[in-house]
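Enquirer: Here the structure of chain A is known, so what remains is to put chain B in place on it, guided by the hints.
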Amino acid sequence: MKKRRIEFFSLCDFEAVEVHLSRMAARGWLLESAGQYWWTYRKAEPQKLTYAVTYFPEASSFNPEPPEEQRVFYDYCAAAGWHLAAEWHQMQIFYTAEDNPPPLETDEALRLETIHKAMNKNFLPSQLIMLALAVWQLLNQRNSFLRDPAGFLSSSSNLLSVSLWLLLALLTVWTAAGYYLWYRRSRKAVDEGGTCARAGFAARRAGSLLFLCISLMFLVLVVLSIEPRFRLLVVLVGMCPVVLGIALALGIKNGLKWAGIPGKTGLKVAIALSIVACLIVTGLVLTGLPHLFESGIFERPAAELYTQTLPDGSTHTWELYRDTLPLTVEELDESVSFVHYSYERREQESFLLGYLYGSQDVRDIGSEAPSLAYEVLTAKWPPLYDTCRDAYLDSFASQLNADEIPGYEPYRWASADAEIWGAQEAWLLFRGDEPQGQYLVCRGDKILRLWYDGLLTDAQIRTAAEKLLS
Amino acid sequence: MAREKYQTLTEQMFYILLSLRAECCGVDIMEKVLAMTRGRVRIGPGTLYSLLDSFLKEGLIRETGAEGRRRSYLITDEGAGRLSAERERLQLLICDYERFGGEGETI
Chain A
1 MKKRRIEFFS LCDFEAVEVH LSRMAARGWL LESAGQYWWT YRKAEPQKLT
51 YAVTYFPEAS SFNPEPPEEQ RVFYDYCAAA GWHLAAEWHQ MQIFYTAEDN
101 PPPLETDEAL RLETIHKAMN KNFLPSQLIM LALAVWQLLN QRNSFLRDPA
151 GFLSSSSNLL SVSLWLLLAL LTVWTAAGYY LWYRRSRKAV DEGGTCARAG
201 FAARRAGSLL FLCISLMFLV LVVLSIEPRF RLLVVLVGMC PVVLGIALAL
251 GIKNGLKWAG IPGKTGLKVA IALSIVACLI VTGLVLTGLP HLFESGIFER
301 PAAELYTQTL PDGSTHTWEL YRDTLPLTVE ELDESVSFVH YSYERREQES
351 FLLGYLYGSQ DVRDIGSEAP SLAYEVLTAK WPPLYDTCRD AYLDSFASQL
401 NADEIPGYEP YRWASADAEI WGAQEAWLLF RGDEPQGQYL VCRGDKILRL
451 WYDGLLTDAQ IRTAAEKLLS
Chain B
1 MAREKYQTLT EQMFYILLSL RAECCGVDIM EKVLAMTRGR VRIGPGTLYS
51 LLDSFLKEGL IRETGAEGRR RSYLITDEGA GRLSAERERL QLLICDYERF
101 GGEGETI
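Keeping their order, the protein sequence lines are chains A and B.
Those letters in the first sequence? Residues 1 to 470, by the numbering used here.
Those letters in the second sequence? Residues 1 to 107, by the numbering used here.
No wet-lab data here; the hints were simulated from the structure.
Careful: at least some of the hints might be erroneous.
Derived pair list, reagent style DSSO-like, types lysine-lysine, alpha-carbon separation capped at 27 angstroms [as the list claims (entries may be wrong)]:
| no. | chain 1 | residue 1 | chain 2 | residue 2 |
| --- | --- | --- | --- | --- |
| 1 | A | K2 | A | K43 |
| 2 | A | K268 | A | K121 |
| 3 | B | K32 | A | K268 |
| 4 | A | K48 | A | K3 |
| 5 | A | K268 | A | K117 |
| 6 | A | K117 | B | K57 |
| 7 | A | K380 | A | K467 |
| 8 | A | K467 | A | K446 |
| 9 | B | K32 | A | K121 |
Quantities reported herein were computed from a predicted structural model and do not represent experimental measurements.
Excised from the complex, chain A in its bound form (with noise of 0.2 angstroms):
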């Protein structure tokens, strides 16, 4: 009989690995494999064993199987009563029975050694790609706030994306600082005669503990803020990228392994290759999503098709949707009574954000019939609202100067009278000194950018606000 446990150990954490593996072997579980987080023990008589976990540096994940000096290392640990119990990486595990057995190392400083080169080797090198990749990706993911700080901070899978590769590139330091850390009080206590440290690793396994528990709790809490329907859609979206490259990445190693790839040679390929599917991967989600979403597949079948024909006889087919929407232009201008628009509304939100679009559209080609649109974001978090109402503002930031082409006439926000959208702030557009129809209006927590063919009338922005930033 076999059982699986999750152990949070640190691959210096020798001392707890040895106390707690002979506790195990008390209670009658013996090691049979070690891995990051997963150990496997098989049932077996309770016995006294003694363990003791030494390095071998030339180690490597990546060996089919152990190399020749690898070998001779185990027959010097078997002549001394010492068997194999697992190795992890560059820990090797052992255990004997006997009474009083010769230690594996003898030499603390020695051992320092050894252990400092095995994770030089393998253990920090690791830390510092995951590292660099989880801060590839939350770059990547600061352009994309960058250019839309609203339409990333209303979606919940571009939150759950950014925390999942947060909570890695805080996690990989972590590690890495712990290590550094207990390396340099080991090397003062060695230096002055003592043994390596051993205090501090259960206060940062309890951390390691703790911060696993915070990030689970804050990932539910951003998966809990979608709305069901799409939940489980964004968590495989969000976490696509992660799961999938740490999926192949490993699917990667093993096959190199079952195909007798030699460490070195493979570690060097698993990289590589590890890079470009992570690329890849995150390249198809990036690129691929949004042509799924352009597809149609994830919407809802129009209300009608329409087919325009034109005086020259030609024909168009529009689809037209017939969402509801909280401003139409009937009520903006019960004049209006053109039958071809096209209702549409979207919406996204997160714990941060929530966001509405409203387009009613006209397709026709030719027609006259005034088009509106409008979004409204709501700041469930205060200090979001001046970064997104600044977007919004900047948003002909990097248009060219008047003066840089003649006769161009930049576009630009001046201020509006405010308090006939009961608002504290507002602004229009204009082009020069041609007012165009496009609103920016902040009211409580909720911010509001119009568009409009033609100028609002006061009774007009009365009934926009009411509808909209109620």
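Expert: Using the frame of chain A, we list chain B on its own:
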């Protein structure tokens, strides 16, 4: 460089080099040192492997033969010189102790 790295030898290093004044299989060194020191000095297999590997790279010992994974080693002239230098250093320590640590001269 052997001189810089092994300026002084630890007890483990000293006895490994001493035991290799005669050709000896690596795996037998632990028992040999235990016997030489009457059980006083124990060399762990992890420590033994690391030091043999290090001594080989530094040229203090050489591999003389191998039967499968059983490899034999012998100290080199460089290693013998290092061992001799350590002996002299320890002798100096003993002399200084006898002069100043007992009832002899005082500073």
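Enquirer: Hint by hint, note whether the structure agrees.
Expert: Consistency of the hints with the structure:
1. This hinted pair checks out: K2/A and K43/A have alpha carbons roughly 6 angstroms apart, not beyond 27 angstroms.
2. For the given pair, K268/A sits about 13 angstroms from K121/A by alpha-carbon distance, which is consistent with the 27 angstroms threshold.
3. Distance restraint check for K32/B and K268/A: the Cα-Cα separation of roughly 42 angstroms exceeds the 27 angstroms cut-off, and the hinted pair is therefore not satisfied.
4. Distance check on the hinted pair: K48/A and K3/A sit about 20 angstroms apart at the alpha-carbon level, within 27 angstroms; holds.
5. For the hint linking K268/A to K117/A, the alpha-carbon distance of about 18 angstroms falls within 27 angstroms, and the restraint holds.
6. A distance of roughly 16 angstroms separates the Cα atoms of K117/A and K57/B; the hinted pair therefore holds under the 27 angstroms criterion.
7. For the hint linking K380/A to K467/A, the alpha-carbon distance of about 20 angstroms falls within 27 angstroms, and the restraint holds.
8. Among the hinted pairs, K467/A with K446/A is consistent with the structure: their alpha-carbon atoms are about 12 angstroms apart, no more than 27 angstroms.
9. With a C-alpha separation of about 33 angstroms, the suggested pairing of K32/B with K121/A is violated against the 27 angstroms cut-off.
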